[in-house]
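Colleague: For what it's worth, this note's numbering labels the leading residue of the sequence shown as 83, then goes sequentially.
Bear in mind the hints are in silico, worked out from the structure with no lab data behind them.
Check the hints yourself; a few may be wrong.
Restraint ranges, calculated between C-beta atoms of paired labels, are given here [to be verified]:
(1) Glu-199 - Ala-137: 37 to 47 Å
(2) Glu-113 - Val-229: 40 to 50 Å
(3) Asn-127 - Asp-98: 33 to 43 Å
(4) Gly-142 - Gly-108: 23 to 33 Å
(5) Thr-214 - Ser-104: 10 to 20 Å
With a straight-line cut-off of 25 Å between C-alpha atoms, the simulated BS3-like cross-links for lysine-lysine are [unchecked claim]:
(6) Lys-200 - Lys-178
(7) Lys-176 - Lys-202
(8) Lys-227 - Lys-200
(9) Lys-227 - Lys-194
(10) Lys-194 - Lys-178
(11) Lys-176 - Lys-194
Being a predicted model, the structure only gives us computed values, none of them experimental.
Note that CB positions come from ideal geometry on N, CA and C, so glycine has one too.
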Amino acid sequence: MAETNYEEFYGHRFEDLTVGMSAAYGHTVTEADILLFAGVSGDTNPVHLNEELAAASMFGGRIAHGMLSASFISTVFGTRLPGPGCIYLSQTLKFKAPVRIGDTVVARVTVKSLTPEKRKALFDTVCTVGETVVLTGEAEIMVPKRV
Numbered sequence: 083m084a085e086t087n088y089e090e091f092y093g094h095r096f097e098d099l100t101v102g103m104s105a106a107y108g109h110t111v112t113e114a115d116i117l118l119f120a121g122v123s124g125d126t127n128p129v130h131l132n133e134e135l136a137a138a139s140m141f142g143g144r145i146a147h148g149m150l151s152a153s154f155i156s157t158v159f160g161t162r163l164p165g166p167g168c169i170y171l172s173q174t175l176k177f178k179a180p181v182r183i184g185d186t187v188v189a190r191v192t193v194k195s196l197t198p199e200k201r202k203a204l205f206d207t208v209c210t211v212g213e214t215v216v217l218t219g220e221a222e223i224m225v226p227k228r229v
């Protein structure tokens, strides 16, 4: 039986984290992203899918699902910081501005505090489009320890 190489499976271990560490992921939102997210989530709100109805909304046109932008935060956690092996425990979100087709959303997470006895890390989370903050929040993540 082959030996498991935990170095490849896990990202950062709890012992590797320090307050202030940060990582980001960027994605340009497409029409396909919105349609696929609507299909997967079941959220078919016309403000996301119907230009004519959305034009009459407070946004003056279609916008991406807020949770689509929030999902990019999960991408950072699962692939960059802490990376594979971490467990998402909680997330708060405050939506600040709409995201539209063609916008590039940058999700950034920053270690805010560490609780060694529970291997938990608290992160500030933010999504931006250019200089505009579109989403803020905090997340608690359980991080694997060294094997």
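Colleague: Hints first: check each against the structure and report whether it holds.
Modeller: Hints and how they fare:
The supplied range of 37 to 47 Å is broken by Glu-199 and Ala-137, whose beta-carbon atoms lie about 53 Å from each other. For the pair Glu-113 and Val-229, the supplied restraint of 40 to 50 Å holds, since their beta-carbon distance comes to about 44 Å. For Asn-127 and Asp-98, the Cβ-Cβ distance of about 41 Å falls inside the hinted range of 33 to 43 Å, so the restraint holds. Distance hint check for Gly-142 and Gly-108: the Cβ-Cβ separation is about 25 Å, which falls inside the suggested range of 23 to 33 Å.
As the Cβ distance of Thr-214 to Ser-104 is approximately 19 Å, the hint placing it in 10 to 20 Å holds. For the hint linking Lys-200 to Lys-178, the alpha-carbon distance of about 32 Å lies beyond 25 Å, and the restraint is violated. Simply put, Lys-176 and Lys-202 have alpha-carbon atoms about 22 Å apart, close enough for the 25 Å limit, and the pair holds. At roughly 10 Å between alpha-carbon atoms, Lys-227 and Lys-200 fall within 25 Å of each other, so this suggested pair holds.
As the CA atoms of Lys-227 and Lys-194 are separated by approximately 18 Å, the hinted pair is consistent with the 25 Å bound. Straight-line distance between C-alpha atoms of Lys-194 and Lys-178 comes to about 21 Å, which keeps the hinted pair within the 25 Å bound. For the suggested pair Lys-176 and Lys-194, the alpha carbons sit about 17 Å apart, so the restraint of at most 25 Å is met.
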